[in-house]
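Produce the entire structure from the sequences given, and follow the hints as far as they go.
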Amino acid sequence: MILLQLCVDGLLLGAVYALFSSGLTLIWGMMNVVNFAHGDFVMVAMYVAFFAFTLLKIGPILFVPLTAAALFGLGVLVYYALVRHVMRGPMLAQIISTFGLALFLRYTALWAFSANFVSLPDSLVGGVYDLHGLRLSASHLLAGATALVLTLGLHLLLTRTDLGSRMLAVSEDRVAAALVGIRPDPMQALAWGIGAASTGVAGALIALFFYISPEVGNAFTLLAFVTVCLGGFGSVPGALLAGLAIGVIESLSAYWLGPATKDVAVFGLFVVLLWVRPQGLLGRA
Amino acid sequence: MLLEATGIVKTFGSFHAVDGADLALQENELIGLIGPNGAGKSTFFNCLAGDTLPTAGTIRFRGADITTTPPHDRARLGLARTFQVPIVFEGMTVRENVMVGAFLRRPHRHAAADKADEVLAFTGLADHADQQVTSLGTPGRKRLEIARALATEPTVLLLDEALAGLPTAEVDLAIELVRRIHATGVTLIVVEHIMEVIHRLTQRVIVFHQGRVLAQGSPAEVTADPAVIQAYLGRHAGRRRA
Amino acid sequence: MKALPRTLLLVLLAVLIVAPCLSDNPFYQRIAALTALAAISASAWNLIGGYGGQVSFGHSVYFGTGAYAALLAFDKLGLPPIAGAPLGMLASLVLSMLIGLPSFRLRGHYFSMATIAIAALAEGLVTNWNFAGGAIGLMGPASPRTVADLLFRSALPYYVLFVFVLAVLLALTYLMQRGRMGFYLRALGSGERAAESLGVPIRRYKLYALLLSGAFTSLAGSLYAVMIGFIDPDSGFGILVSVNMVVMSALGGAGTLFGPMLGALILVPLAETTNVVLGGGGTGAAYVAYGIIIMLLARFSPGGLAQWWAPLTGKGPRRAA
Chain A
1 MILLQLCVDG
11 LLLGAVYALF
21 SSGLTLIWGM
31 MNVVNFAHGD
41 FVMVAMYVAF
51 FAFTLLKIGP
61 ILFVPLTAAA
71 LFGLGVLVYY
81 ALVRHVMRGP
91 MLAQIISTFG
101 LALFLRYTAL
111 WAFSANFVSL
121 PDSLVGGVYD
131 LHGLRLSASH
141 LLAGATALVL
151 TLGLHLLLTR
161 TDLGSRMLAV
171 SEDRVAAALV
181 GIRPDPMQAL
191 AWGIGAASTG
201 VAGALIALFF
211 YISPEVGNAF
221 TLLAFVTVCL
231 GGFGSVPGAL
241 LAGLAIGVIE
251 SLSAYWLGPA
261 TKDVAVFGLF
271 VVLLWVRPQG
281 LLGRA
Chain B
1 MLLEATGIVK
11 TFGSFHAVDG
21 ADLALQENEL
31 IGLIGPNGAG
41 KSTFFNCLAG
51 DTLPTAGTIR
61 FRGADITTTP
71 PHDRARLGLA
81 RTFQVPIVFE
91 GMTVRENVMV
101 GAFLRRPHRH
111 AAADKADEVL
121 AFTGLADHAD
131 QQVTSLGTPG
141 RKRLEIARAL
151 ATEPTVLLLD
161 EALAGLPTAE
171 VDLAIELVRR
181 IHATGVTLIV
191 VEHIMEVIHR
201 LTQRVIVFHQ
211 GRVLAQGSPA
221 EVTADPAVIQ
231 AYLGRHAGRR
241 RA
Chain C
1 MKALPRTLLL
11 VLLAVLIVAP
21 CLSDNPFYQR
31 IAALTALAAI
41 SASAWNLIGG
51 YGGQVSFGHS
61 VYFGTGAYAA
71 LLAFDKLGLP
81 PIAGAPLGML
91 ASLVLSMLIG
101 LPSFRLRGHY
111 FSMATIAIAA
121 LAEGLVTNWN
131 FAGGAIGLMG
141 PASPRTVADL
151 LFRSALPYYV
161 LFVFVLAVLL
171 ALTYLMQRGR
181 MGFYLRALGS
191 GERAAESLGV
201 PIRRYKLYAL
211 LLSGAFTSLA
221 GSLYAVMIGF
231 IDPDSGFGIL
241 VSVNMVVMSA
251 LGGAGTLFGP
261 MLGALILVPL
271 AETTNVVLGG
281 GGTGAAYVAY
291 GIIIMLLARF
301 SPGGLAQWWA
311 PLTGKGPRRA
321 A
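Chains as they are written, first to last, in our numbering: chain A, 1 to 285; chain B, 1 to 242; chain C, 1 to 321.
Don't read these hints as lab results, they were simulated from the structure. It cannot be assumed that every hint is accurate.
Some chain C residues flagged as far from chain A (calculated, every beta-carbon gap over 12 Å) [stated by the list, open to error]:
{"hint": "1", "residue": "Pro-86"}
{"hint": "2", "residue": "Ala-91"}
{"hint": "3", "residue": "Gly-137"}
{"hint": "4", "residue": "Phe-164"}
If we take Cβ atoms under 8 Å as the criterion, some of the chain B residues that face chain C in the derived model are [unchecked claim]:
{"hint": "5", "residue": "Ala-49"}
{"hint": "6", "residue": "Glu-90"}
{"hint": "7", "residue": "Arg-109"}
For every residue, glycine included, the Cβ atom is placed at its ideal position computed from N, Cα and C.
Quick look at the structure:
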């Protein structure tokens, strides 16, 4: 029974991981740039949601899309102000650029909010359901379900719409796409926007039941990396399945190894993945 | 027999880029490798250079099996290559770029620098020796590719479209350079698109088509071959000829 | 004409090196010592990250190993902490092999990601390793038992020691980059496929650079532990340890001889002064600045400050023949 509980908890959280990871895989697949600040985007989103609620008294139904929009803007801004230029430059610049962004976001937050954490009231999306002995909290359910729907939605956007095909064309071959009249810049900016928006929604959802602190970015970034590696770079369905898997793995390790060591389990898995599947992982390298 | 490739096959999934190709290269030959786009010559070239591992077949260098030998060891054995799109080592001067090649046989800095200067003079880049490599335009970079490869003192030199995209005057200079390299005893395989270059430069030509060797012979023989014409120009070309 | 700025710079350098010895102010002396120490780590990172072009965010693994080796030598064996330094370097050599061999199969971003994950893994493991003090960490000798404990009341002796080690490292770096190894490293850092075709054994040279880099980073860690007298998972293995090395090298100019030192010269006094001025929240502010600096560098001047000074002095220290 405990096993089932752990798995369900893991799946629900995993869906949220899948959501923000699919944002990362989209960016990654599009332009072979790793967003080292991805987890910190989630952190920013959590704070945006928090302040939307505490300062502006906006409820979750509104603050989730609000946060998504805010992060969308951030993603587009980052693309135009920073990423677009460094992509044409040396590798060192490409690698450190988003890393610098991560530092900036993290330490600005630390400076502004100090290392103490805040949280949204439990009653916001309250209630616990009992399904034959299985404990399901409403906030987790909401988060998991929303994340699942949106991730699938993103997949459909990419594969079934005209816009999606244009984005995929740019990610396949930027030059060829330009030759057929698809301007790469707006498509890539859009990818950043959507990728960031995914962290926006994910962050707002996580804020419903998780503590909010400037430090969470690091762990989320690594989680996103593992998920994307496991699921395959550029693949949203892959990110979905991998996210769910990682959620379950994390849940089980927290139980068996203790909460302090669960991170170790995930990072360890990541290291093993990078060793064992370099051929599969390096698809676009 | 200097370099020998037998039964080379390279598949990418179900696609057969190279489908059973052979090559026999004797000492000091200068042969050309041509074929329409997608014919598999680049893949075959990369198998010879060590960049790509053939799915089947063997490659022998002076009788020794080098099929799975990595590129850096092939260079050591005497097999050098240039890249179609020149790769320059940014942040270094022209001379320093060539020295990277020279260090293969000359572990000490001064000897490597001397060799580099020698090669730079031979390839006509001596005036640019101290310039940052990024100041070179495409013709200069293509020449640098050749100079760097020469600095490794190769027995066989594989040139990958070293003349493609050069203005006419440069093409003449390049042909002259290749001839001079050949005259020093180096064996050469030249991949090219430009038929004029093939005619002027090579003794023997291998024509690739759909992953296989379609024809072999002197440039004149090969260009008159109806099968070759058809491969390049399509089914109707044969009929259009007078 | 070009020789003039060169000698001027050397004179400036000499003055800079001697200056802290003439000052009486313990604050300046401490900053000088910390700057020299940071210059050692950054210059060590530079070997693989700058010259070799493999951007590692995981050098904290070596730094932490060196620091812990020193304090474990004291804590468990009663040895002077500095005696742990060679052990730390040895351990780092082994770690470099274990980490380098598999991770060098990865390139660019993937390599960097792998190094972050490994560093996070290491920090997590050390935090849970009670033998090494767990989350609390280890302390060095409270009072000096012999001179070998290197417990000085003033920062000046540390400064002198660090400058000496830095000089050795820079001399080694200079010799390396003049010779075949330097050329091969720079080549594989900027054009791996081409380098390989010219006979450069890529993985072997990356490994050489990493071995050297890891060993000196480890030494820096040991020296840090000797001076500060305390280490914990965060100060030894935390991501910021790696960040410092990367920012300083990038700022001064990664892949140049004096770049990392220049970066340290600018950032350490800046960070320490901000710390004092802003009090407890100071550390955070320094990293906000680091983040901004990195983004500006990446966007406008990836070659760091060296990009600006090289035209002034000819080609800087990497002249051939």
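Of the hints given before, which are not true for this structure? none
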